[in-house]
Amino acid sequence: MDEITITVKDQEGNIHQLVCPLEMGLSLKDLCKAYELPMEAMCGGMAMCATCHCYILSETSVLPEKSDMEEALLSELFTTNSSSRLACQILLTAAMDGLSIEIAE
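All residue numbers for the sequence shown refer to the numbering used here, where the first residue is 1021 and numbers rise by one.
Think of the hints as simulated: they come from the structure by calculation, not from any bench.
Only a predicted model underlies this, so the values are computations on that prediction, with no experimental measurement involved.
Fair warning: there could be bad hints in the mix.
What the hints assert, rightly or not - Result set (DSS-like, lysine-lysine): computed pairs, CA atoms no more than 25 Å apart in a straight line:
1. LYS1029 - LYS1053
2. LYS1086 - LYS1029
3. LYS1086 - LYS1053
Start from the sequences and build out the full structure, keeping to the hints where you can.
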């Protein structure tokens, strides 16, 4: 498998099908930015700002565990739920083909 497809729902409810080549080692944040979706990611993926907050919509166990830093940043937001993640902390792998997310407001 050379590429995977990720489904992204933006803040206006529009659905985007993103194709991600795996050999580039992209994060979910990198992919959203490459497609020019409305995800701020102000710190550039350093897990310092939480502006790449998203919700995981698909039932999955293939995502990496949240780091302590990611948990701490998410805990400071008022819009989080149990499926909240920082897109910069999810490196895309073949196992994530078909993943569905929503970019948080």
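Consistency of the hints with the structure:
For the hint linking LYS1029 to LYS1053, the alpha-carbon distance of about 14 Å falls within 25 Å, and the restraint holds. Simply put, LYS1086 and LYS1029 have alpha-carbon atoms about 22 Å apart, close enough for the 25 Å limit, and the pair holds. Straight-line distance between C-alpha atoms of LYS1086 and LYS1053 comes to about 21 Å, which keeps the hinted pair within the 25 Å bound.
Figure legend: structure checked against the earlier numbered hints; every hint is met.
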